[in-house]
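Q: The residues making up each chain are set out below.
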Amino acid sequence: MTRNVAILGAAVLPVAKWQKPRDADVQVLEHEILAKVVIAAMADAGLDKSEISSLVFAQPRPYTQQKYFATFIANYLRLPCTGTVQEVLGNGMTAALAFEAAANDIRLGKSQVALALGINFESAVPAVEHMMNSMKATGDVDFHAPFGFTPISWYAMDAARYIYEFSSSREELASISVKNRRHASLNPIAQFRKPITLDEVLAQKPIVEPLGLYEVPPRGDGAACLVMVDEEIAKVSGKPYVRVRGRGFFHEGAHQINEVPNDMIALASAQRAGQAAYSEAGVTADDIDLAELYAPCTIIEVLASEALGLVPRGQGARLCAEGVTSLGGRIPIATSGGLQSRGHPAHVTPFYSFFELKEQLTGRAGERQVRGAQLGVTSAELGNYNAALIHVLEGVQ
Amino acid sequence: MLASQAIDRIRAFPPRMTEFTKQFWWGLASGDFQTTRCDGCERLTFPPKPFCPHCWSEGVRWVPLSGRGKLYSQTVVHAAPMVFQEETPYRVGIVDLDEGLRIATRVLSETEPGLDTAVEIVVLQYRDGPLFAARPL
Ligand SMILES: [Zn+2]
Numbered sequence: 001m002t003r004n005v006a007i008l009g010a011a012v013l014p015v016a017k018w019q020k021p022r023d024a025d026v027q028v029l030e031h032e033i034l035a036k037v038v039i040a041a042m043a044d045a046g047l048d049k050s051e052i053s054s055l056v057f058a059q060p061r062p063y064t065q066q067k068y069f070a071t072f073i074a075n076y077l078r079l080p081c082t083g084t085v086q087e088v089l090g091n092g093m094t095a096a097l098a099f100e101a102a103a104n105d106i107r108l109g110k111s112q113v114a115l116a117l118g119i120n121f122e123s124a125v126p127a128v129e130h131m132m133n134s135m136k137a138t139g140d141v142d143f144h145a146p147f148g149f150t151p152i153s154w155y156a157m158d159a160a161r162y163i164y165e166f167s168s169s170r171e172e173l174a175s176i177s178v179k180n181r182r183h184a185s186l187n188p189i190a191q192f193r194k195p196i197t198l199d200e201v202l203a204q205k206p207i208v209e210p211l212g213l214y215e216v217p218p219r220g221d222g223a224a225c226l227v228m229v230d231e232e233i234a235k236v237s238g239k240p241y242v243r244v245r246g247r248g249f250f251h252e253g254a255h256q257i258n259e260v261p262n263d264m265i266a267l268a269s270a271q272r273a274g275q276a277a278y279s280e281a282g283v284t285a286d287d288i289d290l291a292e293l294y295a296p297c298t299i300i301e302v303l304a305s306e307a308l309g310l311v312p313r314g315q316g317a318r319l320c321a322e323g324v325t326s327l328g329g330r331i332p333i334a335t336s337g338g339l340q341s342r343g344h345p346a347h348v349t350p351f352y353s354f355f356e357l358k359e360q361l362t363g364r365a366g367e368r369q370v371r372g373a374q375l376g377v378t379s380a381e382l383g384n385y386n387a388a389l390i391h392v393l394e395g396v397q
Numbered sequence: 398m399l400a401s402q403a404i405d406r407i408r409a410f411p412p413r414m415t416e417f418t419k420q421f422w423w424g425l426a427s428g429d430f431q432t433t434r435c436d437g438c439e440r441l442t443f444p445p446k447p448f449c450p451h452c453w454s455e456g457v458r459w460v461p462l463s464g465r466g467k468l469y470s471q472t473v474v475h476a477a478p479m480v481f482q483e484e485t486p487y488r489v490g491i492v493d494l495d496e497g498l499r500i501a502t503r504v505l506s507e508t509e510p511g512l513d514t515a516v517e518i519v520v521l522q523y524r525d526g527p528l529f530a531a532r533p534l
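Respectively, the protein sequence lines represent chains A and B.
According to this note's numbering, the residues represented by the first sequence are 1 to 397, in order.
According to this note's numbering, the residues represented by the second sequence are 398 to 534, in order.
Treat the hints with care, since some could be wrong.
Claimed, not checked - Label pairs and their computed distance ranges (CB to CB):
id: 1; chain 1: B; residue 1: C452; chain 2: A; residue 2: L89; range: 26 to 34 Å
id: 2; chain 1: B; residue 1: M398; chain 2: A; residue 2: Q204; range: 42 to 50 Å
id: 3; chain 1: B; residue 1: E439; chain 2: A; residue 2: A35; range: 54 to 62 Å
id: 4; chain 1: B; residue 1: P461; chain 2: A; residue 2: A127; range: 38 to 46 Å
Stated by the list, open to error - Below, computed lysine-lysine pairings styled on DSSO-like, alpha-carbon distance capped at 30 Å:
id: 5; chain 1: A; residue 1: K136; chain 2: B; residue 2: K467
id: 6; chain 1: B; residue 1: K419; chain 2: A; residue 2: K136
id: 7; chain 1: A; residue 1: K136; chain 2: A; residue 2: K20
id: 8; chain 1: A; residue 1: K205; chain 2: A; residue 2: K194
id: 9; chain 1: A; residue 1: K239; chain 2: B; residue 2: K446
id: 10; chain 1: A; residue 1: K20; chain 2: A; residue 2: K67
id: 11; chain 1: A; residue 1: K235; chain 2: A; residue 2: K36
id: 12; chain 1: A; residue 1: K17; chain 2: A; residue 2: K235
id: 13; chain 1: A; residue 1: K20; chain 2: A; residue 2: K235
As the list claims (entries may be wrong) - Partial list, derived from the structure: chain A residues whose beta carbon lies under 8 Å from chain B:
id: 14; residue: E129
id: 15; residue: F149
id: 16; residue: T150
id: 17; residue: A156
id: 18; residue: F166
id: 19; residue: D263
id: 20; residue: A266
No lab work stands behind these hints: they were computed from the structure.
C-beta: ideal position from N, C-alpha, C; glycine also.
All chains should be modelled from the sequences, with the hints used to inform the complete structure.
A: As structure tokens, then:
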């Protein structure tokens, strides 16, 4: 018998610059913060700590001094486990892979209650230093990095190609930042909440042309814990919960660019993984009520929403400018504020997407609630969407 | 033979060279742009590899590339990693070579080149070794 996986509890740290410089007298340390988040998530689930039997961590950034963080936390929280205690890593997909590993423990019957959790502290490390690492992750160290590509330079090239092929414009793309900030203004855990205008977005300094400061992700710190359970436990809890309805994965076997020229901005990985997730869930894109996508830059929200069939190809930016993807629109996208405004503590970012979908699908999203939301889709990626991991979630009230 | 341009500084983040890839980098220094082709399925690959990624045959040979192609996309990097600080802003892009290979490299152009513009690969002769770049024809 296949076990269904549910998210019964969740808690996150508001995204902000929490990390202190290494020479500061008083530090903010990862384990103290994460412990509070775990306790809050378990209180939300209404379960006792003795019921937890798997811990799957998103691996912290290398700046976290406490190594073997997972086993350290198992001690810090005194959590004996019979399922697994592990850390996973996969760039921006890290937290979604942790979610998968925790879900698999439940599917395989190794655990009935599994935590998917993690903390990403990096904001006190200067961007120029951080990029010395990240440029080696998003490209070939010998055949890309020597030219000075940065992680978001690839997205900028997606933007240039999109504007060229679909006669779109920087203004249309920038409307995504305005929309996401408006959403973030309604989200108490968002990093940036003051509404912004299109003119303000366009006036920011360029970062990777055509994208400026407000069209790329800010740097921030975050922590999250999802309490994942066998659906039978969720049912007897009497609480609203979220059921994992479908999952899809596809890696195109390429890193940043495909050496065999392809349609780079079609995001074939998101298309294939999305189809697999919809198929497993027994739904189509038209059934989806809202989407919380892994989209570090505005253009990526457009491309991923097109690849997942939420908006027609080539029209995503225009439809955002027209309000179709806003709260109150046909298919609200990034109701949390997205990576530009909710924030992007990269190794835990997908946890925040799951958190937002849980809030929405259980009717707890307050002022930004999507009325009657029942089905949500979320994504995570590697590289320039060379791989995508897609989940379809359903609210059960 | 590729056109060549001297650059009076060292490479900010030099590529590592192996016994295998030294053929590429040494060749580049003398103006040759080349990669490997599979003896079995005859497909090209880039970067050059000591095997064919398509069929996994280890029978490959070095072949010259024309160094001509089209600019698929481009951007200008203003926020760069530490080692590239002195070079900002700089232009990079993705080039589809005429042989049907997609590569990524620097783009030499003062003004914004149109996409799908024809480009040629040139050698950048830094004080410590070569890199390559694309420039509009
Ligand atoms: Zn072959």
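Q: M398(B) and Q204(A), beta-carbon distance inside 42 to 50 Å?
A: Given range 42 to 50 Å: holds, Cβ gap about 44 Å.
Q: Once the shortest beta carbon distance from F166(A) to chain B is found, is it less than 8 Å?
A: violated (12 Å)
Q: For the pair C452(B) and L89(A), does the Cβ-Cβ distance stay inside 26 to 34 Å?
A: Hint holds: Cβ distance 31 Å, inside 26 to 34 Å.
Q: Can we keep the T150(A) interface hint, with Cβ of chain B closer than 8 Å?
A: This hint holds: T150(A) lies near chain B, its Cβ roughly 6 Å from the closest one there, short of 8 Å.
Q: Given A266(A) as an interface hint, is its Cβ closer than 8 Å to any Cβ of chain B?
A: violated (13 Å)
Q: Would the stated hint for A156(A) survive a check requiring a Cβ distance to chain B of less than 8 Å?
A: holds (4 Å)
Q: Can you verify the interface hint for E129(A): is its Cβ closer than 8 Å to any Cβ in chain B?
A: Nearest chain B Cβ about 6 Å off; hint holds.
Q: Within a Cα-Cα threshold of 30 Å, do K136(A) and K20(A) meet the stated pairing?
A: Holds, at about 25 Å.
Q: Check the hint pairing K205(A) with K194(A) against an upper bound of 30 Å on the C-alpha distance.
A: holds (19 Å)
Q: Hint check: K419(B) vs K136(A), CA-CA at most 30 Å. Holds or violated?
A: Answer holds: K419(B) to K136(A) is near 21 Å, not above 30 Å.
Q: Measure nothing beyond the straight line between the CA atoms of K20(A) and K67(A); if it is 30 Å or shorter, mark the hint as holding.
A: holds (18 Å)
Q: Taken at face value, is the distance from the CA of K467(B) to the CA of K136(A) at most 30 Å?
A: Holds - the C-alpha atoms of K467(B) and K136(A) are around 26 Å apart, at most 30 Å.
Taken one by one, the earlier hints fail for this structure at numbers 9, 12, 13, 18, 19, 20, listed in ascending order.
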